[in-house]
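Novice: The lines below spell out each chain.
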Amino acid sequence: DAGVIQSPRHEVTEMGQEVTLRCKPISGHNSLFWYRQTMMRGLELLIYFNNNVPIDDSGMPEDRFSAKMPNASFSTLKIQPSEPRDSAVYFCASIRTGGGSQPQHFGDGTRLSIL
Amino acid sequence: GNSVTQMEGPVTLSEEAFLTINCTYTATGYPSLFWYVQYPGEGLQLLLKATKADDKGSNKGFEATYRKETTSFHLEKGSVQVSDSAVYFCALTGGGADGLTFGKGTHLIIQP
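As they're listed, the protein sequences go chains A and B. Residue numbers for the first sequence follow the working numbering, so the first one is 1 and each next one is one higher. Residue numbers for the second sequence follow the working numbering, so the first one is 116 and each next one is one higher.
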């Protein structure tokens, strides 16, 4: 089975530009999570979806960040406008819920650099 | 809220040394506990997990026991290898579809 697929792997752009990160969860997984990793703050949960519905977006840092999951096989995380402090590695993870605590499966991440 | 505290790194050991990475947590209810490993340039991979008190998770020679009385989940390995060099994250979740709460990560360096 293919794992969680994220694109792009690397993104370099100038501040003020719109950035869109993409994630394809593992087929059959019904919960999807977006995390951000920085040296200063470590790994932080930004938002998660269950059955395509946003459940908790309390980790989204500002209104410049938005996330959508239009169907079970695709999610986007958008930053508009982007700022240098948004530079980080963004991870997507997915899980099939129900029947005990299953581990989350992570993608390889998108390394974002805002100049 | 939930929180995870793990020892700061980097931790530098010689090959075949004994490894302990401490992890303690604060959580309501009965969380599930995990250790994830991150190799350079890669995403996080599950190393082991435990879902209830006194459970022992194990994988690739690594072990960790869920200690509710001390709210700990320390990672151990009897004889480390150079290939174990990575960043190790302790994490917890309240269960179901909850997101993970991570520790800050411990960078492990194994020297030949």
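FYI, nobody ran anything at the bench for these hints, they're computed from the structure. No experiment lies behind these values; they were computed from the predicted model shown. Hints may contain errors.
[Unchecked claim] Quick list of the computed label-pair ranges, beta carbon to beta carbon:
id	chain 1	residue 1	chain 2	residue 2	range
1	A	G59	B	E123	43 to 53 Å
2	B	N174	A	S27	39 to 49 Å
3	B	G176	A	R22	31 to 41 Å
4	A	E18	B	G116	25 to 35 Å
5	A	R9	B	F133	20 to 30 Å
6	B	R182	A	Q80	37 to 47 Å
[Stated by the list, open to error] Here are the simulated lysine-lysine pairs, DSSO-like style, with alpha carbons at most 30 Å apart:
id	chain 1	residue 1	chain 2	residue 2
7	B	K175	B	K192
8	A	K68	A	K24
9	A	K24	B	K192
10	A	K24	B	K183
11	B	K192	B	K219
12	B	K175	B	K219
13	B	K219	A	K68
14	B	K192	B	K167
15	B	K183	B	K167
16	A	K78	B	K167
17	B	K171	B	K219
18	A	K68	A	K78
[As the list claims (entries may be wrong)] Reference listing, derived: stretches of chain A covered by chain B, where coverage requires no fewer than 3 residues with Cβ under 8 Å from a Cβ of chain B:
id	region
19	72-83
20	104-113
In this text, a Cβ means the ideal position worked out from N, Cα and C, and glycines have one as well.
Novice: Please go over all the hints and tell whether each is borne out by the structure.
Specialist: Results of checking the hints against the structure:
1. G59/A to E123/B: 43 to 53 Å: This hint is violated: roughly 23 Å between Cβ atoms.
2. N174/B to S27/A: 39 to 49 Å: Given about 25 Å between the Cβ atoms, the range is violated.
3. G176/B to R22/A: 31 to 41 Å: Once the Cβ atoms are compared, 36 Å apart, the range 31 to 41 Å for R22/A and G176/B holds.
4. E18/A to G116/B: 25 to 35 Å: holds (32 Å)
5. R9/A to F133/B: 20 to 30 Å: Violated: the Cβ-Cβ distance is about 36 Å, outside 20 to 30 Å.
6. R182/B to Q80/A: 37 to 47 Å: holds (45 Å)
7. K175/B to K192/B: Distance of about 9 Å is within 30 Å: holds.
8. K68/A to K24/A: holds (12 Å)
9. K24/A to K192/B: violated (34 Å)
10. K24/A to K183/B: violated (36 Å)
11. K192/B to K219/B: At roughly 20 Å apart (the allowed maximum being 30 Å), K219/B and K192/B satisfy the hint.
12. K175/B to K219/B: Holds, at about 23 Å.
13. K219/B to K68/A: holds (27 Å)
14. K192/B to K167/B: Holds. K192/B to K167/B sits at ~21 Å (cutoff 30 Å).
15. K183/B to K167/B: Measuring from Cα to Cα gives roughly 8 Å; hence the hint holds.
16. K78/A to K167/B: violated (37 Å)
17. K171/B to K219/B: It holds: about 22 Å lies between the C-alpha atoms, which stays within 30 Å.
18. K68/A to K78/A: holds (8 Å)
19. 72-83: Per the Cβ count (0), the hint is violated.
20. 104-113: holds (count 6)
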